[in-house]
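Full structure from sequences and hints, please.
In mature numbering (1 follows the signal peptide of the UniProt record, and there is no 0), the protein residues as written are -21 to -1, 1 to 409.
Simulated from the structure, these hints should not be mistaken for lab results.
Be aware that a few hints might be false.
Stated by the list, open to error - Below are the SDA-like pairs computed for lysine to any residue, each with C-alpha atoms no more than 25 Å apart in a straight line:
| # | residue 1 | residue 2 |
| --- | --- | --- |
| 1 | Lys162 | Asp210 |
| 2 | Lys162 | Thr149 |
| 3 | Lys338 | Gly259 |
| 4 | Lys174 | Glu238 |
| 5 | Lys170 | Glu233 |
| 6 | Lys86 | Asn22 |
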Amino acid sequence: MKSMKRWFVLSLSVLFALSLAACSDKDASGKGASGDKEEITLNFWTFGATGYEELAKEYEQKNPNIKIKVKTSETADHHDALFTALSAGSGAPDIAMLEIDQFDRFKVAQDRFNNLYDLGAKDIQDQYLDWKWKSGENNDGGFLFGLPTDIGPKALYYRIDLFEQAGLPTEPEEVAALINSPKAFEEAGLKVKEKTGMPFVDSIEMAFRAYLDAAETAYLTPDNELNLGEDSEVKKAYDYAVRLNDLGIVGKYEMWSPEWANAVNKGEFAAELGAGWLKGWMEGNAPDAVGKWRVATLPTDFAANWGGSYIAVPSETKNAQAAYDFVEWLVSPENQLKSFQSHGLFPSAQSVYDQAEFKTNADDFFGGQATAPVFAQAAQDIAGIPYKGEKYFPVHNEILNALKNVQNEGADPEKEWEAAVKRAEDLMKR
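So this is what it looks like as structure tokens:
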């Protein structure tokens, strides 16, 4: 009888313990053992025109227990507010976009982010371009700050009317085959100048960025040390821009200025080294140029990325796994295709490049050319992204000012370089 009683008490204890476990044990999305899901609200800070609001609503329909509040701000305001919140240790969102040029500014605060490798990111790594994924890691590769979203592979935008006048081919495959090296780029520019009187490339900044954007190490090393020696990749880019200017094939248009916009529209220069997102601007702002521009791949020496972002999960969130699950879904190949089709966000998930909806996406502005495969090839030619710390852009402006002095005032290139390096050194000491 006593044995029976002890068995009964033990059974009740086990049942009670199991009951408690069932009530408290939830999976990543808040789902309990009984199948119930807790209500979770995720604050998602974004910038720019991404269309993520629509995708968030779609996710909410698939996951009724998840509510996603999307806040969109201007790029600078977004990153400043995020940096302030992370520094204060309060007020940060559950999920945040990070623009690629701002990314390294946030990597110094690794403890303010969740390591996405701990939340399941290793399972999807092979779905994305290797260089894009690795740029989302810390220096030793053990910590992943964000999942890849869009990218900005650069290509050669060119005017077919000016190319034709210069006796150059106009079909994208033929242009890519002809302009296949920095030297060939120069030679094409000289033909355009001789036959049309127009500059080849729009500005000395774009001539400089031909090599600069493709550099393995630009102004700063990953240890945040200045990298402006005579044998540096920055000096190589500087000398190339000076050379193109000496040849007379560089225009004086400043990107985004009214004069530059008019030149794009009217065909007052022949070529632009632009990222994939530039075509969206051209389609909406150059009505007289419809059908007159095409896109070809750049020489591999110039293969580079310009723009794009990541999505991170700050450590302040109380729902890290639920936040990660949403981000993983948001940047899946399927949804990257949707974002490309609706808002022109160029995919970093390479499987999208093989999909018919992507490959056959003809652009009326570009004479019916399907430009997406060109940028897809460009994306796969990229070796990596140079480190961009907090002083990247101040240093860039000093070097660029030197180049503008060379172009506009006929200043001595070497003296301007030396003066710019000195100013950059002073910047690093502040």
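Now for the hints, and whether the structure bears them out:
1. Lys162 - Asp210: holds, 19 Å
2. Lys162 - Thr149: Since the Cα atoms of Lys162 and Thr149 sit roughly 19 Å apart, the hinted pair holds (cutoff 25 Å).
3. Lys338 - Gly259: Holds, because 17 Å separates the two Cα atoms, which is no more than 25 Å.
4. Lys174 - Glu238: Roughly 23 Å separates the two Cα atoms, so the pair holds.
5. Lys170 - Glu233: holds, 23 Å
6. Lys86 - Asn22: Roughly 21 Å separates the two Cα atoms, so the pair holds.
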